[in-house]
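S.K.: Sequence:
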Amino acid sequence: MADYQVPLKDMNFLLFDVFNADKLWQSLPTLAERVDRDTAEAILQGCAKIAEQEIAPLSRNGDETGVTFNAGSVTTAPGYKAAFKTYAEGGWSSLGGDPDFGGMGMPKVITAFHEEMLCSADISFSLYPGLTAGAGLSLAKHGSEALKNRYLTRMYAGDWSASMCLTEAHAGTDLGMIRTKAVPQADDSYLVSGTKIFITAGEHDLTENIVHLVLAKLPDAPEGPRGISLFLVPKFHVNDDETIGEQNNVSCGSIEHKMGIHASATCVMNFDGAKGYLVGELNKGLACMFTMMNFERIGVGIQGLGAAERSYQNALEYAKDRIQGRSLSGVKSPDAQADSLLVHGDVRRMLLNMKALNEGSRALSTYTAMQLDIATYGTGEAQAKADQLVALMTPIAKAFFTDLGFESTVAGQQVFGGHGYVREWGQEQLVRDTRISQIYEGTNGIQAMDLLARKVAGSKGKLVLVFLEEVRDYIAQCNSEAMQEFTQPLASATDELANLTEHLLTAAQASPEELGCAANDYLHVFGYTAMAYVWAKMAEVSLAATDDKNFHESKIRTARYYFSRLLPRCQSLITSAKSGQSALFDIDESLF
Numbered sequence: 001m002a003d004y005q006v007p008l009k010d011m012n013f014l015l016f017d018v019f020n021a022d023k024l025w026q027s028l029p030t031l032a033e034r035v036d037r038d039t040a041e042a043i044l045q046g047c048a049k050i051a052e053q054e055i056a057p058l059s060r061n062g063d064e065t066g067v068t069f070n071a072g073s074v075t076t077a078p079g080y081k082a083a084f085k086t087y088a089e090g091g092w093s094s095l096g097g098d099p100d101f102g103g104m105g106m107p108k109v110i111t112a113f114h115e116e117m118l119c120s121a122d123i124s125f126s127l128y129p130g131l132t133a134g135a136g137l138s139l140a141k142h143g144s145e146a147l148k149n150r151y152l153t154r155m156y157a158g159d160w161s162a163s164m165c166l167t168e169a170h171a172g173t174d175l176g177m178i179r180t181k182a183v184p185q186a187d188d189s190y191l192v193s194g195t196k197i198f199i200t201a202g203e204h205d206l207t208e209n210i211v212h213l214v215l216a217k218l219p220d221a222p223e224g225p226r227g228i229s230l231f232l233v234p235k236f237h238v239n240d241d242e243t244i245g246e247q248n249n250v251s252c253g254s255i256e257h258k259m260g261i262h263a264s265a266t267c268v269m270n271f272d273g274a275k276g277y278l279v280g281e282l283n284k285g286l287a288c289m290f291t292m293m294n295f296e297r298i299g300v301g302i303q304g305l306g307a308a309e310r311s312y313q314n315a316l317e318y319a320k321d322r323i324q325g326r327s328l329s330g331v332k333s334p335d336a337q338a339d340s341l342l343v344h345g346d347v348r349r350m351l352l353n354m355k356a357l358n359e360g361s362r363a364l365s366t367y368t369a370m371q372l373d374i375a376t377y378g379t380g381e382a383q384a385k386a387d388q389l390v391a392l393m394t395p396i397a398k399a400f401f402t403d404l405g406f407e408s409t410v411a412g413q414q415v416f417g418g419h420g421y422v423r424e425w426g427q428e429q430l431v432r433d434t435r436i437s438q439i440y441e442g443t444n445g446i447q448a449m450d451l452l453a454r455k456v457a458g459s460k461g462k463l464v465l466v467f468l469e470e471v472r473d474y475i476a477q478c479n480s481e482a483m484q485e486f487t488q489p490l491a492s493a494t495d496e497l498a499n500l501t502e503h504l505l506t507a508a509q510a511s512p513e514e515l516g517c518a519a520n521d522y523l524h525v526f527g528y529t530a531m532a533y534v535w536a537k538m539a540e541v542s543l544a545a546t547d548d549k550n551f552h553e554s555k556i557r558t559a560r561y562y563f564s565r566l567l568p569r570c571q572s573l574i575t576s577a578k579s580g581q582s583a584l585f586d587i588d589e590s591l592f
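If you read the sequence shown in this note's numbering, its first letter stands for residue 1, the second for the next number, and so on.
Derived by calculation from the structure, the hints in this document are not laboratory data. For every residue, glycine included, the Cβ atom is placed at its ideal position computed from N, Cα and C. Treat the hints with caution; some may be incorrect.
Using C-beta positions, here's what the derived DEER-type ranges look like [stated by the list, open to error]:
| # | residue 1 | residue 2 | range |
| --- | --- | --- | --- |
| 1 | Pro219 | Gln383 | 38 to 48 Å |
| 2 | Ala545 | Asp188 | 53 to 63 Å |
| 3 | Lys284 | Pro568 | 37 to 47 Å |
Please model the entire structure based on the sequences and the hints provided.
M.R.: This is the structure we're talking about:
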């Protein structure tokens, strides 16, 4: 596997040239006090150093060794504990945390790049701080002052970590079916009892305490999701002087043996009358948890991007070094026995697909993160619009990026040929590690339904109009001749997305099944169109640039590739989406 190199140049290009993040920060008083260009560049350089030098070298051994389980305890792979200590001591656990409790309070657009670096370096490692960051966000927003004072500072310091405990054996997507109970006590605590499965980072040896956020129901709670509450249940009790006390009635029953992410502990967690504390209001647990879930969904999307970037770097290095066959147009390396793989059209197709999709995903991730920052720190109409765009982009970020991420890891494996299938090159690990990203934090099918049924149909198309109007306004102000090769197909794609939306909303009035049948195709049409928007923005900047000729020439040519070879994927997706429910439901169950 090639040594991972953080694409810092591309990240800085997106931050400061394409999206003008530094100007946005100065316009938002809270962020203006925390971050400027110099600060951001220094943070990204520091993130890159620890990702490249401390975390990436762990990936191979972590995959081969995995985590080990012994009598309720989980031991992480060799090197993980030391690397996590270095990570925590560097302050990286606090990057996006609330400054009132020791966090750095960096904007999401900075933490998103940090997440990408970790995921490219080692997805398994990234999950431990990632879960803690998400739990910290939920606790900061919904927890009592007492809980925040007791737990957040230690979580941000990296002394304690966190997990989120939702899934039960019989309740996955349908959380209303959970059976875990919380019985109120006289001291305002609760005794939580139940078993949760598939709990990432539920037990390990990286931190001295683990803070579990657990969904449970009171004995008299309403049926279904309206009766769910959220509880903080620590592995160890915390004394009044903030020292660690006795172990709570929480235990790890076993760990899962998985296809990938072997170095991430995926646990069965047993709560046997464990003492817990209410987070937020009773019976409002899903709202509190979804603060964390939406954070995690964007983070999981970035996992797909991170793995895809690593796959591209590996495959590109291999394709340059590997010589096989001759170019169809004639010998390119007469002094060698064969030409490099890069002379072959199909290899170029795979590499350019990865490059265009990776850079487009990074740009769309940056756009989404900046909208989240405006929604968090902005005011008035700008804040309201950003909040709507975040609602649209969250399921796209999760599902679209991970579908493309898996596509790119498989493409990278294909570039290696047979060498990509054997373990020594590390490429098959990327395929295995990335596959889960399409499943957890809400399967990609659920994300598609969230987008089309809940966000689009639920708003009667109004949310989509917010995005379409922004793109059309951008096209209208791009009147240079040089931009027409990008804005014309972007305009067509935008119109086609609008027409598809109207078609499906009309069809759903006759049968709501139309939404379920078209949701996956619709999400991908939206994703490719949104990616075309940010590719046009990148091309516009690079066309006007006078410095770093090779970098900007690469951007322009990759943009052309995207518009000519990848955006046309929308045509088949639209045809499929419009085919209607009959293609799926005219087949009786007995005929399967």
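S.K.: With reference to the structure, classify each hint as holding or not holding.
M.R.: Results for each hint:
no.	hint	verdict
1	Pro219 / Gln383: 38 to 48 Å	holds (40 Å)
2	Ala545 / Asp188: 53 to 63 Å	holds (60 Å)
3	Lys284 / Pro568: 37 to 47 Å	holds (45 Å)
No hint from the list above goes unmet by this structure.
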